[in-house]
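Enquirer: Listed here are the chains, written in short residue letters.
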Amino acid sequence: EAGVAQSPRYKIIEKRQSVAFWCNPISGHATLYWYQQILGQGPKLLIQFQNNGVVDDSQLPKDRFSAERLKGVDSTLKIQPAKLEDSAVYLCASSLGAGSGANVLTFGAGSRLTVL
Amino acid sequence: GDSVTQMEGPVTLSEEAFLTINCTYTATGYPSLFWYVQYPGEGLQLLLKATKADDKGSNKGFEATYRKETTSFHLEKGSVQVSDSAVYFCAPRAYYNQGGKLIFGQGTELSVKP
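Line by line, the protein sequences give chains H and E.
Under this note's numbering, the letters of the first sequence match residues 131 to 246, in that order.
Under this note's numbering, the letters of the second sequence match residues 1047 to 1160, in that order.
Possibly wrong hints are sitting among the right ones.
[As the list claims (entries may be wrong)] To be clear about the criterion: a stretch of chain H counts as covered by chain E if any three or more of its residues have a C-beta under 8 Å from a C-beta of chain E, and this derived list gives those stretches:
{"no.": "1", "region": "148 to 156"}
{"no.": "2", "region": "237 to 246"}
[To be verified] Result set (DSSO-like, lysine-lysine): computed pairs, CA atoms no more than 27 Å apart in a straight line:
{"no.": "3", "chain 1": "H", "residue 1": "LYS201", "chain 2": "H", "residue 2": "LYS145"}
{"no.": "4", "chain 1": "H", "residue 1": "LYS174", "chain 2": "E", "residue 2": "LYS1098"}
{"no.": "5", "chain 1": "H", "residue 1": "LYS174", "chain 2": "E", "residue 2": "LYS1159"}
{"no.": "6", "chain 1": "H", "residue 1": "LYS192", "chain 2": "H", "residue 2": "LYS208"}
{"no.": "7", "chain 1": "H", "residue 1": "LYS201", "chain 2": "H", "residue 2": "LYS141"}
{"no.": "8", "chain 1": "H", "residue 1": "LYS174", "chain 2": "H", "residue 2": "LYS213"}
No lab work stands behind these hints, which were simulated from the structure alone.
By construction, the Cβ of each residue, glycine as well, lies at the ideal position given by its N, Cα and C atoms.
Use the sequences and the hints to build the structure in full.
Expert: What follows is the structure in structure tokens.
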């Protein structure tokens, strides 16, 4: 099966500019996650969708970050305006659902953001 | 809230050495437990998992046993290879009513020398 697709793979912007990342999950996966991985750290959950509804966005900096999954399939994560500390890899993952703890999360290759 | 603590790296071993990477967690309820691996320049990949107490997950010669009494999920391999050089992440998966999200440790970098 096709994996989780993400684009762009790399993005360099200046602070205060905006950027958007796109994710297409595995077909049939109802749950979609966006994680932020800062260099040298473990991934941190930013937002989780179940179909097109938000399950958890408690760690999303809502003053600058937004995300949507309008049709319950692909998703976009936006940052506006970007700060230096937003430099990180943004990982998208999907799973069949959130109801079974055994459901495996499959990750995309990530989008690496550098803010200058 | 739920959290996980991993052994700090980097860990440097010679080829064929024995590997242990410690992982302990705190979690509400009865989480499933995962180890993910990130090879240089690649994305996160599932290495192994265990879903209930005393289950042993295994893959590619790596093993980890779900120890509920000690809330641990230590990763072991009897004989490491240079190709095992990567960053390893322990990750309990939260209960359904917490969204079923993975909670990652800080990662342990493993470097295997020939």
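Enquirer: A separate judgement is required for each hint: does it hold in the structure or not?
Expert: Hint-by-hint comparison with the structure:
no.: 1; hint: 148 to 156; in the structure: violated (count 0)
no.: 2; hint: 237 to 246; in the structure: holds (count 4)
no.: 3; hint: H:LYS201 - H:LYS145; in the structure: violated, 31 Å
no.: 4; hint: H:LYS174 - E:LYS1098; in the structure: holds, 24 Å
no.: 5; hint: H:LYS174 - E:LYS1159; in the structure: violated, 30 Å
no.: 6; hint: H:LYS192 - H:LYS208; in the structure: holds, 10 Å
no.: 7; hint: H:LYS201 - H:LYS141; in the structure: holds, 26 Å
no.: 8; hint: H:LYS174 - H:LYS213; in the structure: holds, 17 Å
Hints 1, 3, 5, counting from the list given before, are not met by this structure.
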